[in-house]
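Going by our numbering, the sequence shown opens with residue 1, and the numbers climb by one from there.
In case anyone wonders, no lab produced these hints; they're calculated from the structure. It cannot be assumed that every hint is accurate.
What the hints assert, rightly or not - Below, computed lysine-lysine pairings styled on PhoX-like, alpha-carbon distance capped at 20 Å:
| # | residue 1 | residue 2 |
| --- | --- | --- |
| 1 | K865 | K724 |
| 2 | K833 | K724 |
| 3 | K386 | K964 |
| 4 | K386 | K929 |
| 5 | K397 | K386 |
| 6 | K910 | K632 |
| 7 | K929 | K858 |
| 8 | K910 | K865 |
| 9 | K865 | K386 |
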Amino acid sequence: MSKQEKGTPPDCFDCEGQPTERLIEMFVRMTQEKRIQLGQTPAERAVFRKLHGVAHGHFEVLPGVDRKLRVGIFAQDRMEAWVRFSSDTSPTDPDLGSTLGVGIKLFGVPGANGLGEPGTTADLILQNFPRFFVQDAKAMCEFTYAGVVLKDYPGYLKQHPDTRAVLDAMTAPRGSVLTSTYWAILPFKLGKEVVKYRLEPETAPQDVPDDAPGYLATDMAHRLSRDGCRFRFMIQRRTHPSTMPLDRAMDDWSEKQSPFVQIATLVLPRQDIGERGQADYGQGLSFNIWRTPPENAPCDASSIAVVRKAVYAAGAAARHRANGQPLKDAPEPRPGAPRTGVRPEPRDDSIVKAVIYPSIGVARVGSSPEGYFIGPEVTEPPAEDKGFYRDAQGRLKRQAARFRIYGVNAQGRILRELSVPKSGAKVRWSVQLANTKAAWYGFQLALDIPEASSAPPTTLRNATVEDRSRLAITPAAQSVQGVNARPKRFDGTFMDLDVHLGDIRTDESGRLVVLGGHGVSRSYDGTYAITFANNEGWHDDVSDGPVTAEVVLDGKPLEVVPAWVVVAPPNYGPQRKSVRTMWDLMRDVAVRAATLPLPARPSFTHDILPLFQRMAGLQWVNAGFAAGFGWKGIFDFTDPKVLARLGDPSPAAREYRRVVANQFRYFARDSWSPTPWPWLYGDAMNIPPAPTPRQYATLTDTQLVMLQLWAMGEFVADHDPNRKPPARLADVPLEQQGDMLTRAALEFCLADAFHPGCELTWPMRQATMYMQPFRLAHQRPGWKEPSLGEVLTSDSVTISNGPLYGQPPGGLTRWMAVPWQTDTASCRSGYDKRYDPYVPSFWPARVPNEVLTEQNYKIVMDAQKPLAERLAAFANRAAWINPLGATSYTDQINNMVQHFDHLGVVEARKGPSDTDAFPAVIEVEDQHKPIPDVIPTDDRSRLLGTATGSAVGSHHGEAASAAKVDVSGIEKVRRFPGGLRS
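Produce the complete structure using the sequences and hints provided.
Quick look at the structure:
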């Protein structure tokens with residue numbers, strides 16, 4: 001048997017005489033460059049290819065170190081450092097079982113280095129085992145030959161059990177790269193001495209098995225996002241040459257003869273290693289143990305050190321050449337690394353522009369003649385007192401939208417508010433409101449989904465009215481200025497009927513206050529409402545339009561970035577948000593349009609936790625959500641222990657996170673099953689369910705991506721159970737106030753089923769609607785809307801400069817139901833009672849389904865009653881629509897038109913203090929006031945003889961309840977009379 005057959009290279013290969021040349025050939029020419037030729041992009045290192053993270057920090061030499069050792073690197077007191085943590089494996093291979101390495105590049109080390117390069121850097125390279133797996137360069141060449149040329153590492157290892165034992169032990173830690181110990185393995189000079197290096201963590205190591213493919217990167221990111229990390233840099237002096245060989249890399253030096261002692265500290269401060277460009281910067285760095293001052297050079301007697309010099313240099317050259325990078329060492333640390341003595345960038349305090357916030361404000365109609373309140377201005381406002389939302393006569397107050405103007409610098413950073421006295425600015429506000437619903441097209445289905453082609457055609461409302469201007473309510477624009485400006489009204493007409501759309505005024509600080517109508521809806525010809533969205537001859541008094549201003553600062557006019565205001569229906573669940581809010585939707589539009597970035601690592605507190613909090617919050621407006629996610633529910637997302645577990649980034653919680661994330665709906669996976677979360681109806685909802693994934697709602701693409709990152713552990717673990725969000729805008733830093741105002745307004749708007757919706761509908765998904773994220777484009781001066789014909793289609797609606805581009809007054813609300821009350825009264829839950837009587841649901845956050853009544857709340861609070869009775873009362877939820885009566889669907893929607901303020905507002909109240917069997921805060925319906933039928937008996941008989949009336953009715957032999965009225969045949973849920981086209 002020949003030497004080659006046993007795995008030993010032939011004599012001509014000469015591993016003894018030419019180890020450097022042969023290792024370059026095998027590592028670089030045959031391996032690294034072959035990968036490059038096969039298209040590896042970007043080109044990678046020959047070894048330690050899998051990156052776990054790159055961190056910046058500094059290297060501090062300890063005071064009091066022996067002066068003989070203060071040479072080269074250690075002559076400096078403090079050096080900036082960039083540190084690359086990696087594994088010697090493919091980037092696609094799992095971390096577990098790999099060999100871990102760390103490369104440290106130090107900046108500010110003057111003098112020539114062992115590579116003959118100019119520059120002021122020095123490199124340290126270490127790995128997580130004290131011994132190498134072969135003794136010298138010849139053995140390294142033979143080992144590499146067996147694997148690269150013969151493809152027979154197992155054969156070599158069978159003949160070399162010592163090498164096998166070391167390789168088996170050189171495996172990545174089960175815990176963290178930041179709690180592992182590293183050795184430089186080879187001997188190095190330190191002045192006139194020879195030493196070995198070790199890097200050991202100040203944090204105790206963890207031994208946690210983890211089979212996730214990238215667990216080390218995830219752990220590193222989490223740790224450094226929470227806190228900094230420190231390593232002790234140790235040296236071991238060569239005190240006994242006879243037992244401390246220089247060219248036997250598999251041999252340990254005895255710590256009994258020469259213990260390791262600390263000489264320096266490597267400090268990695270708290271940081272986000274996912275900062276853009278940081279990993280790329282680290283990947284572009286090259287490391288070589290000979291890039292160091294001569295006083296710290298590797299020992300010449302170490303043959304492995306000698307060959308590494310050339311092999312590492314050849315590999316770096318191949319990689320940089322393939323990547324189009326210059327082969328030179330970084331002359332200074334990447335900008336962004338902490339540097340002492342560097343002045344911060346000068347602050348730009350020059351106001352160059354004015355911006356109105358919120359970018360989209362939301363007002364709401366109410367029946368109170370004078371009473372109103374300001375809408376949410378922070379995302380988590382404290383609950384209001386009992387009775388806050390009604391006036392003394394029990395009528396619903398209107399919600400006002402309040403606007404402010406901020407002065408910003410050239411970068412858009414807010415510098416100060418300009419809409420208040422003593423700001424130095426003169427402000428004149430202007431607003432125009434319009435309601436053009438009756439002159440627009442009827443709603444059938446969202447026109448941006450495939451199912452729209454199967455729905456009835458989208459035709460003009462009131463098509464027989466020739467003079468379309470009589471159908472549009474378009475009052476003149478109004479302006480106000482100063483403090484406490486008197487109201488300016490928006491009065492218009494509809495088919496010769498007077499209509500009041502609201503007014504504008506300023507508050508005591510000069511900020512703009514916009515109020516909408518009083519919820520007055522009626523027909524001009526005396527007809528009754530018969531359907532959910534397209535009642536001919538009807539109008540309502542919701543509206544929308546532009547908010548602009550003229551601003552003069554220091555005698556000079558400023559450009560003003562305008563805003564928009566939407567007047568919407570009332571909010572009957574003022575503390576509740578849906579799982580996908582309008583802010584979430586607009587954020588997703590901007591991310592997909594590349595005008596906002598997708599978070600590389602979502603925040604648990606701000607991006608993930610709200611999903612669970614919102615589902616739990618819906619317990620107060622829907623009985624199914626109460627059982628599923630509420631107090632003591634199946635998934636009790638009110639339990640602090642559950643929330644803590646959801647916010648735990650550790651490997652122990654990974655499968656828990658994955659299982660939870662997999663409960664959310666994915667269209668491609670879940671088809672038309674009703675079971676995935678969030679248990680809400682979708683854009684193409686139909687009864688019976690249509691074979692379309694849009695039968696039910698899902699989250700935005702951005703939310704789903706962030707959920708998957710969270711499930712994998714790639715998130716900012718910032719959960720704080722004691723966190724107190726700002727209760728008012730004054731608690732928010734000035735620079736963040738604008739974004740807070742916008743988010744607060746839009747998070748209380750829904751983006752569930754656009755069928756058509758509560759406040760806004762499907763056009764908000766179109767990027768062409770916006771001038772910038774969250775800010776609508778306005779129609780250009782002199783613009784005339786192009787004619788779209790009698791039938792609107794998915795193609796015609798997208799024409800350039802059409803209705804999905806710059807908006808006119810009334811451009812947003814025209815897509816909604818007319819009147820709004822008929823759609824609100826049609827929004828139910830559990831249409832298919834065979835599946836579940838409570839879920840899925842339409843818009844429960846704004847239009848409740850089942851609520852806790854005042855009567856049951858009193859039982860819950862009565863400490864004298866048996867606990868079982870109190871628990872039963874807590875679980876007993878009443879139908880919110882009960883005040884509408886149980887006569888017929890037609891009666892219900894007309895009753896809602898006349899007395900929408902009879903229905904309850906869900907308010908927050910204190911829970912019992914005598915027991916922990918109930919939550920500390922309970923939300924209760926404030927009233928349950930029945931509405932007498934407004935349709936006379938004779939008219940009802942005539943209506944019930946029509947096709948619309950015959951489709952509904954009540955169950956006989958049961959107690960009268962509005963929820964018992966059969967609505968399974970109404971137009972809202974019969975969208976595909978001809979079937980769904982394939």
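Right, here's what the structure says about each hint:
1. K865 / K724: violated, 35 Å
2. K833 / K724: Violated. K833 to K724 sits at ~41 Å, over the 20 Å cutoff.
3. K386 / K964: Since the Cα atoms of K386 and K964 sit roughly 30 Å apart, the hinted pair is violated (cutoff 20 Å).
4. K386 / K929: holds, 17 Å
5. K397 / K386: holds, 14 Å
6. K910 / K632: holds, 18 Å
7. K929 / K858: Within the cut-off at roughly 17 Å; holds.
8. K910 / K865: holds, 18 Å
9. K865 / K386: violated, 24 Å
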